[in-house]
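There are 6 protein chains.
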Amino acid sequence: MGEKARTVSASCVEMAEIVQPMDINIHGSIFGGHLMSLVDKAGGIAACRHSGTSVVTLSVDHLAFKNPAPVGTILSIKASVNRVFRTSMEAGVRVIGWKAGSDEETLICRAYITYVAVDEAKKPIPVRPIVPETSDQIRRWEEAGRRREARLALVSSLEERR
Amino acid sequence: MGEKARTVSASCVEMAEIVQPMDINIHGSIFGGHLMSLVDKAGGIAACRHSGTSVVTLSVDHLAFKNPAPVGTILSIKASVNRVFRTSMEAGVRVIGWKAGSDEETLICRAYITYVAVDEAKKPIPVRPIVPETSDQIRRWEEAGRRREARLALVSSLEERR
Amino acid sequence: MGEKARTVSASCVEMAEIVQPMDINIHGSIFGGHLMSLVDKAGGIAACRHSGTSVVTLSVDHLAFKNPAPVGTILSIKASVNRVFRTSMEAGVRVIGWKAGSDEETLICRAYITYVAVDEAKKPIPVRPIVPETSDQIRRWEEAGRRREARLALVSSLEERR
Amino acid sequence: MGEKARTVSASCVEMAEIVQPMDINIHGSIFGGHLMSLVDKAGGIAACRHSGTSVVTLSVDHLAFKNPAPVGTILSIKASVNRVFRTSMEAGVRVIGWKAGSDEETLICRAYITYVAVDEAKKPIPVRPIVPETSDQIRRWEEAGRRREARLALVSSLEERR
Amino acid sequence: MGEKARTVSASCVEMAEIVQPMDINIHGSIFGGHLMSLVDKAGGIAACRHSGTSVVTLSVDHLAFKNPAPVGTILSIKASVNRVFRTSMEAGVRVIGWKAGSDEETLICRAYITYVAVDEAKKPIPVRPIVPETSDQIRRWEEAGRRREARLALVSSLEERR
Amino acid sequence: MGEKARTVSASCVEMAEIVQPMDINIHGSIFGGHLMSLVDKAGGIAACRHSGTSVVTLSVDHLAFKNPAPVGTILSIKASVNRVFRTSMEAGVRVIGWKAGSDEETLICRAYITYVAVDEAKKPIPVRPIVPETSDQIRRWEEAGRRREARLALVSSLEERR
Chain A
1 MGEKARTVSA
11 SCVEMAEIVQ
21 PMDINIHGSI
31 FGGHLMSLVD
41 KAGGIAACRH
51 SGTSVVTLSV
61 DHLAFKNPAP
71 VGTILSIKAS
81 VNRVFRTSME
91 AGVRVIGWKA
101 GSDEETLICR
111 AYITYVAVDE
121 AKKPIPVRPI
131 VPETSDQIRR
141 WEEAGRRREA
151 RLALVSSLEE
161 RR
Chain B
1 MGEKARTVSA
11 SCVEMAEIVQ
21 PMDINIHGSI
31 FGGHLMSLVD
41 KAGGIAACRH
51 SGTSVVTLSV
61 DHLAFKNPAP
71 VGTILSIKAS
81 VNRVFRTSME
91 AGVRVIGWKA
101 GSDEETLICR
111 AYITYVAVDE
121 AKKPIPVRPI
131 VPETSDQIRR
141 WEEAGRRREA
151 RLALVSSLEE
161 RR
Chain C
1 MGEKARTVSA
11 SCVEMAEIVQ
21 PMDINIHGSI
31 FGGHLMSLVD
41 KAGGIAACRH
51 SGTSVVTLSV
61 DHLAFKNPAP
71 VGTILSIKAS
81 VNRVFRTSME
91 AGVRVIGWKA
101 GSDEETLICR
111 AYITYVAVDE
121 AKKPIPVRPI
131 VPETSDQIRR
141 WEEAGRRREA
151 RLALVSSLEE
161 RR
Chain D
1 MGEKARTVSA
11 SCVEMAEIVQ
21 PMDINIHGSI
31 FGGHLMSLVD
41 KAGGIAACRH
51 SGTSVVTLSV
61 DHLAFKNPAP
71 VGTILSIKAS
81 VNRVFRTSME
91 AGVRVIGWKA
101 GSDEETLICR
111 AYITYVAVDE
121 AKKPIPVRPI
131 VPETSDQIRR
141 WEEAGRRREA
151 RLALVSSLEE
161 RR
Chain E
1 MGEKARTVSA
11 SCVEMAEIVQ
21 PMDINIHGSI
31 FGGHLMSLVD
41 KAGGIAACRH
51 SGTSVVTLSV
61 DHLAFKNPAP
71 VGTILSIKAS
81 VNRVFRTSME
91 AGVRVIGWKA
101 GSDEETLICR
111 AYITYVAVDE
121 AKKPIPVRPI
131 VPETSDQIRR
141 WEEAGRRREA
151 RLALVSSLEE
161 RR
Chain F
1 MGEKARTVSA
11 SCVEMAEIVQ
21 PMDINIHGSI
31 FGGHLMSLVD
41 KAGGIAACRH
51 SGTSVVTLSV
61 DHLAFKNPAP
71 VGTILSIKAS
81 VNRVFRTSME
91 AGVRVIGWKA
101 GSDEETLICR
111 AYITYVAVDE
121 AKKPIPVRPI
131 VPETSDQIRR
141 WEEAGRRREA
151 RLALVSSLEE
161 RR
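Chains as they are written, first to last, in my numbering: chain A, 1 to 162; chain B, 1 to 162; chain C, 1 to 162; chain D, 1 to 162; chain E, 1 to 162; chain F, 1 to 162.
Hint data in this document are derived by calculation from the structure and do not stem from the laboratory.
Source: prediction; values computed, not measured.
Note that identical chains are pooled: a pair holds if it fits in a single copy or bridges any two copies.
Cut-off 27 Å, straight-line C-alpha distance, at most; resulting in silico cross-link-like pairs (DSS-like, lysine-lysine):
id	residue 1	residue 2
1	K122	K4
2	K122	K66
3	K4	K123
4	K78	K99
5	K66	K123
6	K99	K4
7	K122	K99
8	K123	K99
Just chain A, same shape as in the assembly (with noise of 0.2 Å):
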């Protein structure tokens, strides 16, 4: 917890994939599930290089998939932490996706995950503070509460109902 904060910036971690036939779904586009794997992929080593920790993955907050990625798309999987909660982090997820020849990119998904940062005996430790530096950092780092607060006034108002 005295451990000195670090910047967002210093999380980043960068995928590059290619889609290929065996990762398509029936409508000849990456398969959800596939890019779903990739995205935790790189939001967990995104928390695992801002914590310097193990970390599981508590949650997908949201993740929309905005264009489908044909075979042959090259992807850009980009991930950082947006901010840090106590022993939790949320990490930011966008998939950019390009054909070899043009210029054009195209936004394939965005999503963002709740990771825990956990000790060897897998017990949730307190994540060291982050700090944005960028106006879009600053952006990412108030949607992140506003984010957890939308979701936990949803969850506490369904569950009067019940």
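Chain A is already provided as a structure; the job is to place chains B, C, D, E and F on it using the hints.
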């Protein structure tokens, strides 16, 4: 559109799985990305059963990992359509785990996923109405509406601030 | 051994699957080896449910591919224990396929597989009795015995001649 | 049909494999479904070599797991066509395992699988005759016929009773 | 051909990965074949980025495994194009590993791979020139030429003797 | 070390494979990374057969893709140990492809890979001598030496210049 409504029960899907060594993460439990694949497949088949059409995954609205599932756990993945919104449907998925020789069941994962019905040209098409019958189905139907409202409210509040 | 008998119905397992491009053979239908994996898993979970122990596959007594399942087919794999023989059990597995937007179901595969119940040291252990209830379950119980007799008769007749 | 016969030896196929951690079941040995895939592939290539056509798997007539193959086992999978029946062929497959640094070989699995030769439209087509030469090949040729008779006798006896 | 040159930096690709239990060999480290797949993919995407065309792998000129990467290692795979030869390009790939909670990085693997740019008909096509800028990039550009010469010299010396 | 030499023939390994849709790249041929896995496995089993110990892959010294192998191609992968160097061995691997219904064989890939024999603690251990017998085996034995010399010469010349 003029199509007859169907019951929630008619959309129910069950998948059994066993966690094998090839499915685990570095903590010895089922890899989150693999579980997401199973959950997405089960929800997609439920949506497909209800709509009678092909479907594509639009978004994972929430997916929470409740307990780890170590090697040898037998999983029971249950999915059904909670509610229909014109061309989209929310499916709910629950994953329960148990071990051979034990009577205890553990909740492994719960998820809400939105699918869109599509025609052969992959254009969205209207989905026939769904009829919740039991009190649980009616509660889920209501909650699906509230989840959607909360999501849309959050999105517009975040966009306003940008 | 003193354990109470259970019904066949209590062993029933259902698995849903969808045939994706990564699952097919050079003819464009589900690869036989992949289908066998699914069938073995479903039968093994049924055996596990009945015995309440770990199980190992002893033999595939017969597995017939009835119709090809092309990409997009939704599979329903149903397994149950047909009969118990001291430490082993015959499970029956049926795979049915259907296409989104069609009412027709096709029989894809039928299989009979024998599993052995094992303890922690992987030694065979007795399996509690099973009680067939419906006329179909009683017929399958009788057929399981006849399949076993025919198999043993064939083996001893072939061995005599060597 | 007027095609020249070929010898059994000309159909022989050998596949080497090593059991890796990604291939095992919860007991630490090769997963049955994975082994079945290898066996089906080896038998199919043998059938393909003999017929000179594409083939599809018709049935696994018998497949027995004789001994577990733990991680690190090197597998030798041998397949050949035992006998031809008009448009179908029985292939026999044996899987032997050994460990680096040991001289001992273990029988892991034995299987008899029936394949059908198909043309481009996937219609069954006649298979050229096969000539067993060694005494082992002649014995297997005879046994393939007896296995087929026993199977057909069982099927018709079970159907009579329904 | 008249196309403008691009810098080496514009071809740089980074892939992050984590070694999971499903990726390891019998020694508990990443399976060589799996690592080769990752390396080939990363190099291919770098080549694709530089050429702006599809590419096919022509040869792995050298790939050295420097240290094992046990389960839990986070891999950083970096690839860039070292030099262009008319229709082909040498890509260099480095794989670095580190463990959560450690500051140490280990060199896991280094590779040089040659890719060919191809058009839609899979015919080789000229690749635009590449411009090394840093002293490291210039050294790699020179070394790529020497590796190629040594390779061609070896091939012709071996062929002479046959 | 005092161990008796063995022949090259005793190390020979053969693997048959068929290229399935799940194995291909965006050009419709076997994915390079998948082929490398098969080649590494075959070479490793040959090395293991000769040394009678566990082995680890040290380097891929050269691997050339000669022709693409489209879906349906049956592959014959042949590996043997070319030469022993104290604790390491060079294995040579050839991959031949053919299509059902055709008599033509195509060279798909050729590779030279170096493996190191290791004991239980993964320390390198001396490998028993190998005896080439046929003129092809003797030629390969000589070429393995020249490949090694050329490689070492290149390495030291590149290092001098750094």
